[in-house]
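Take a look at the letters that make up each chain.
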Amino acid sequence: MSFLLKCPNCGERSVYEFRFGGEVRQRPSPQAEPEAFVTYALYRRNLAGLQWEWWYHRGGCGEWFKASRSTLTNEVHQTLLPQDEEQRG
Amino acid sequence: MEEILFEWNGNTVTAKPGDTVASALYRSGVRTFTWSYQYGRPRGLLCLTGSCPNCMVNIDGVPNVRSCITPARNGLSVLAQNQNVYRGFDSPAVKRFPAAPPLSESPHHYQHAYLQFDVVVVGGGLRGLEAALASAERGVQVALLEKQPALGGDSVLVEEVQSHPMVTTFLNCSCFGLYEGNLLGAVQIDYDRPNAETLLHLRAGSVVVATGAYETQFLFANNDLPGVMLSTAVLRLLHQHAIVPGKRAVLIGDTARCSQLQADLEAAGVEVAASLPIGSVVSAVGDDHVRGVATETVTYDADLVVMCGPLVPDLGFLAGTLPQSVSLVGAAAGEGFTNQAYIPPPSSQSKNAIACLCMDVSGHDVAETIAGGMGHIELIKRLTKLGKSACQGRMCQTAAVSLCSQISGQTIAQVGTTVARPPAPPVTLGVLAGMRHHPVRRTPMHYQHDQLGAVWMDMGDWKRPRYYDPAGAGNQEQCVEQEYRAVRERAGIIDVSTLGKIEVKGSDAGRLLDLVFTHKFSTLPIGRVRYSVLCDEMGTIVDDGTISRMDEQRYFLTTTTGNVDFVQQWLEWWAAAAGMKVNIINLTAGLASMNLAGPLARGVLAQLTGCDLSSPAFPYMDWRQATVAGVPATMMRIGFVGETGWEIVVAADYGSHLWEQVLQAGASVNLLPFGVETQRVLRLEKKHIIVGVDTDALSNPYEAGMAWVAKFDKPDFIGRAALARMKQSPLERMLVGFELNGAIAPSDGSPVLVEGKPVGWATSVRFSWEKEKVIGMAWVTPAEAKHGAPITLRWDDVNYSAQVVEEVFYDPAGQRLKM
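Order-wise, the sequence lines are chains A and B. For what it's worth, this note's numbering labels the leading residue of the first sequence as 1, then goes sequentially. For what it's worth, this note's numbering labels the leading residue of the second sequence as 90, then goes sequentially.
Hints listed in this document are in silico derivations from the structure and should not be mistaken for laboratory results. Among the hints, erroneous ones may be present.
Chain A side only, calculated, beta carbon under 10 Å to chain B, not exhaustive [stated by the list, open to error]:
{"id": "1", "residue": "Leu4"}
{"id": "2", "residue": "Trp52"}
{"id": "3", "residue": "Gly62"}
{"id": "4", "residue": "Leu72"}
{"id": "5", "residue": "Thr73"}
Quick reminder that beta carbons are idealized off the backbone N, C-alpha and C, glycines included.
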């Protein structure tokens, strides 16, 4: 893995500057059945294709952001800060 | 002329300037450079371009160095390899040479460099020079990589490239892989120092591959005898090193190249006995060196056999589909040459026709594998090991594919090739590892500890005093006991600056802490401190610490020493995911903190501050800000070690001043500084856990005996659902205290046995001066988790009997903390 990732604050950087935070998922509401939490804690979609993920710019601005990355090719289509969710393309 | 002297198997060899180690050895008469790995067949120079495995030697302790691309230098110690291999029951006596020194004892300088260029040109031959100049003329930054010590091609162009301000040239630099995002891995060797290599991480806008083509061998019986060479080797010996490679030569293969070579050889005074098509060759003749070539009808005497073999573009460092920004030029793109079609001679299926020189795979082995039904080229590779070693298939691929095509009747294209897998050429593990770099973190009081006789221990990057040995007597137990007694009977102080310190502030600060910790913090009164644990969604304890409410929207957190980055990122992630308005700041490096504890601690601290320290004014689990020893400080009344005590936090710059002042103020009561080892005994007597020591990656609060931390007084927190489920489920194991019979403390981590069967392990075991016994904590099954249950610890093949103890070992009522 050596692709470039565009931090919304710092621009395009080597992926080694970042920490991977897993796929973006919706945490169940506190009222949800325990099974929903089991699924949330243990299961991943493990998608082959484009998915939204969390990344943390450990070697830079120290900000968490979301990236749309192809798990097949590592092509990154879009990155955005969580507060800019409405810009999701 | 300057003379270069180096050692070959203990003998001195003389080299000329411009010589490689291989050319110097050849000039001095060496013909056998190594013996093959499997069968110990003698091997001599073959390609001289760094492509084959035949010239690999041990240089200054580094094995498998290609001597043909390594410049000869003064003082090298060169050893032949593979001399002690087993050569069968009736083999001649094994040749013995001095053993190679272990690599760890050899000097080395491995480092990494990170560079960016608009264009990277790989290969400094004619086409590489042209490409580099063309890009440089467009005004972009160009890197030109050449694996040999000099650029080649055209002397006018070389000068132009070397004087061009936009071109940076890297010599002795092999590119071993092209990775995602046009990241090129290359190793540049500095031959002026032993084992000095730099790993270049080159990020390129675009890449031009001008690596040319390499020549490969033909397959026939005894094709691996010393003296059977590729034409590249002969040309280099003749023209680069001015060495006449033999007296009488036979040329085999490509007619055009053979006739060119014949002219060159004859000009150098070498007689050319014959020029043969490969199909007519039956075998090379000879024992330790070639003596001739046999066809069906004639045997030509010769001491040199030259193969003008098939040419293959040198693209081993490329894998998969190339991005558009990568272009191939020249011979690397297959331009400028065509390989003559040839039929491998019948002897190519002989046991003495060696296809894979690295692993001694013969044409016979390949034919057998195909006959066995495993004719796919990838299967042949996996079954025979062909192409899986040092030359990475360079010498064997073409020969194996031709043979495979001949036997199976498929075309060359149908047979295909095996998948290229960089790194190619091979890379030393040393340069991948890079420099030895161990960052060390020291607290502001580090040098005071040193003067006090600290015996150090590593905690992550931090140095912490394990205990103090002011007399230098080397008796750990005595030192720890003195420190222990100081804390329990008088007062002690420990540097806790390494603990993580995080400030969380903002309008959602309380809401965030309510979400991530098991306890409720939005209702914690200002001025109070609370201990809590962080759980993940599985209910596993991931960290613990204290949280102090500083004001309405500001909290101060401590974390365990190694976990501060994790906790910070964890908090930041939940804040980001929930869109909370908070600022999370890691203050660890900016603050110094120390824990002053013991029955006389109050009197010591009172000498330094006007703050009312009495329990009614400053109760347990409160914090106050006041001036201490003349500097602004935050004091938190907490008690990890089980005595009345204060954790005093000041700006890092004041740390050493405050430490000194506390020691002076405590001198009258014989206050002692104490280390981590003493703290571990003190807290063990209180059964205070250390996350990561007493807990592991699966421990939950219920089994850790900390059910009280799982509060369900708020609708949601991370791990709530899991903890609610656990609360109603039977436990699988429990963390319990125990007392051991006997004075020897088994090691932490010793297995716990019941009736001879392992049921868990001991997490912490120490001698307790309170109990006058060895005590500890251990994971056991619920059946043993009751007071008095007998358990056995096993350590170093000895059994130690112990009993489970339910109560806390020291001050079970917790009164001393609140005095």
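Structure-based check of each hint:
1. About 5 Å separates the beta-carbon of A:Leu4 from the nearest beta-carbon of chain B, less than 10 Å, and the hint is met.
2. A least Cβ separation of about 12 Å between A:Trp52 and chain B goes past the 10 Å threshold, and the interface hint is therefore violated.
3. The criterion of a C-beta within 10 Å of any C-beta in chain B is met by A:Gly62, whose closest approach is roughly 7 Å, and the hint holds.
4. Below 10 Å, beta-carbon pairs count as interface contacts, and A:Leu72 has none with chain B, the closest being about 12 Å; its hint is therefore violated.
5. Look at A:Thr73: its Cβ gets to within about 9 Å of chain B, closer than 10 Å, so that hint holds up.
The structure is inconsistent with the numbered hints 2 and 4, although it conforms to all the rest.
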